Amino acid sequence: MKLFKGKMTYVFIIGLYIILEILNKTGIINSYMMQIVKFAGINIIMTVSLNIINGFTGQFSIGHAGFMAVGAYSSAVITTVLFKTINWPVYMQIPMFLLSLLVGGLVASFIGFLIGIPTLKLKGDYLAIVTLGFGEIVRAIIRLIQPVGGARGLSAIPQYTNLFWVFVFTFLAIYASRNFVNSSFGRACISIRENEIAAETMGIDTTKYKILSFTFASFMAGVAGGLYGHLLMYLQPDMFSFVKSTDYLVFLYAGGMSSISGSIVSALILTALPEFLRFMSEWRMALYGVLLVILMIKRPNGLYGGKEFKFLQIKNNKRMLETEQH
Amino acid sequence: MTTILQLLIYGVQLGSIYALIALGYTMVYGIIRLINFAHGDFLMLGAFVGFFAVSYFNLGFIPVMLLSMVVIGMVGVAVERIAYKPLRSKPRLSSLITAIGVSIFLQNFPRALPAIGPAPRPFPRLIPLVNYEFLGVTISSIQIVMILLSFTLMLLLHLLTTKTAIGRRMKAVSFDKDAAALMGINVNNTISITFFIGAALAAAGGILYATTYPMIDVYMGSVLGTKAFTAAVLGGIGIIPGAMLGGVIMGVAEVLATSINSDLGYGIGFVILILILLFKPAGLLGKYTIEKV
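Protein chains in written order, with our numbering: chain A, 1 to 326; chain B, 1 to 293.
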């Protein structure tokens with residue numbers, strides 16, 4: 001099976017990684033900016049995964065940070081609380097880190113599955129408020145669990161997340177999402193978005209596919225959470241509040257629904273934008289709000305609504321991607 | 001027993017504020033199907049208008065309330081005209097993102113203003129505090145005023161929507177915008193009036209909240225807004241008595257659970273919401289309609 005169209009994409013990604021590493025080593029890009037690049041990568045994973053639920057399946061979930069919290073805490077529990085991997089030899093740390101990410105993803109997807117069964121029968125805005133409620137409940141529960149620090153937070157998490165792993169997992173998330181969307185599962189999901197009743201009439205088990213896409217997306221969010229915790233070296237329940245979920249909603253809609261390319265571009269731009277606006281100090285978040293309103297009024301379908309970069313397209317598939325978004 | 005009764009009074013007090021805010025959510029949602037994320041921030045602005053009205057003009061409780069309601073009502077109309085109206089015919093979710101944008105702006109613009117800033121401020125006491133003993137339960141003058149005032153406002157709103165021409169227009173626009181326009185209803189004006197009333201109620205909620213919990217800051221609206229929205233959904237969004245019922249349930253549950261543990265108090269509302277939606281998918285008073293082709 002052909003991966004991305006041609007081999008140019010790989011060359012580009014590997015080249016970009018090498019350039020960033022060189023710039024970092026030579027000190028042209030300082031560690032603060034590198035940190036932002038890594039956050040941008042994690043944000044891309046989060047936005048792309050939210051796109052699977054909101055964009056491609058047409059369900060309206062606004063509690064995505066909840067899954068991220070579950071993943072972040074599960075994986076940090078493995079590397080920090082259960083095993084003190086920081087004292088381990090280096091060659092043991094990396095497999096353990098990858099295992100913890102996997103566990104984070106699996107726990108998040110299992111919770112996503114459990115939440116999905118009863119709630120995905122709800123429609124539109126009711127689903128939205130339940131997912132919002134879910135995110136807040138996760139936060140309240142973590143605050144009550146003392147072994148992971150409760151409201152004080154969990155500190156001394158080893159910093160395993162580096163540029164390399166961010167690149168690897170961002171690539172995997174984009175690759176997996178693009179293949180998911182173009183698989184028969186993805187088509188079933190898109191048909192649910194376009195018209196649920198028609199999809200059901202055509203014999204698609206709508207609840208099954210909704211739960212499937214929900215579980216898949218929460219897996220990715222869990223892995224992103226694991227990366228996030230091992231990058232910040234500190235976790236606190238209030239990091240994953242509703243504000244964080246709305247950040248990802250903003251990234252998603254500003255980039256354009258049902259467009260993986262849009263999610264990538266907007267996660268990059270909007271992660272960096274508040275930093276570029278930093279010279280305005282106090283006023284920057286106010287301006288961010290205004291820019292967001294202007295963006296949505298000028299481009300109501302987002303930057304890339306329904307369009308894809310060439311390397312994310314699959315032949316004969318253009319027409320489907322260009323269908324009008326609802 | 002006395003303790004529970006005492007907690008119930010606190011619960012109804014908190015619930016009546018939730019209900020006032022939930023009404024704004026419900027009205028706006030009912031008419032343009034938009035979850036107005038900026039609604040909680042109207043509440044915060046309302047409290048600040050009240051704060052400045054007291055500090056600079058030394059007004060009393062009722063004038064402060066009216067002034068704040070009118071000012072914030074106009075802010076609500078302006079927000080709708082600038083940020084939501086251009087997107088009315090566009091995909092519904094784009095206006096949701098502008099609502100988030102407006103909310104970010106409304107929180108951070110006052111935060112950047114030197115006159116307001118990020119630090120919390122004490123809200124002046126507008127009602128003299130008198131405690132009344134009744135059957136072993138203490139009830140303060142503030143609580144009595146709050147509960148009475150919120151229920152009066154709700155009753156007025158209920159009469160407005162059911163008995164007046166404006167209310168009938170709102171109902172018509174909410175039912176079918178195009179048909180309403182064909183019947184000679186000015187859709188834009190009706191939506192503006194709805195936003196005015198919704199935002200004014202949020203401002204009233206803000207003043208009442210600040211009177212009871214006298215610390216105000218620019219972020220106070222977001223948590224309150226989330227809870228009030230939950231209350232609106234709990235009762236059945238778009239339904240006015242539902243918002244009142246949901247608000248009171250949320251308030252009482254929260255106060256009772258907080259008396260056990262504060263984090264439990266925060267989460268309990270959402271747990272109740274999820275449980276109720278599992279059995280009544282359209283909220284307590286909502287009618288669940290099966291979509292027909």
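Simulated from the structure, these hints should not be mistaken for lab results.
Only a predicted model underlies this, so the values are computations on that prediction, with no experimental measurement involved.
Among the hints, a few may not be true.
Heads up, simulated SDA-like pairs for lysine to any residue below, C-alpha to C-alpha not over 20 Å straight-line [unchecked claim]:
1. Lys90/B to Ala181/B
2. Lys123/A to Arg33/B
3. Lys298/A to Lys85/B
4. Lys90/B to Leu159/B
5. Lys123/A to Ala253/B
6. Lys90/B to Asn195/A
Verification of the hints:
1. Lys90/B to Ala181/B: Judged against 20 Å, a Cα distance of about 18 Å means the pair holds.
2. Lys123/A to Arg33/B: Holds, at roughly 13 Å.
3. Lys298/A to Lys85/B: Status holds; Cα separation ~13 Å.
4. Lys90/B to Leu159/B: Status violated; Cα separation ~33 Å.
5. Lys123/A to Ala253/B: violated (26 Å)
6. Lys90/B to Asn195/A: Holds: Lys90/B and Asn195/A sit about 18 Å apart, inside 20 Å.
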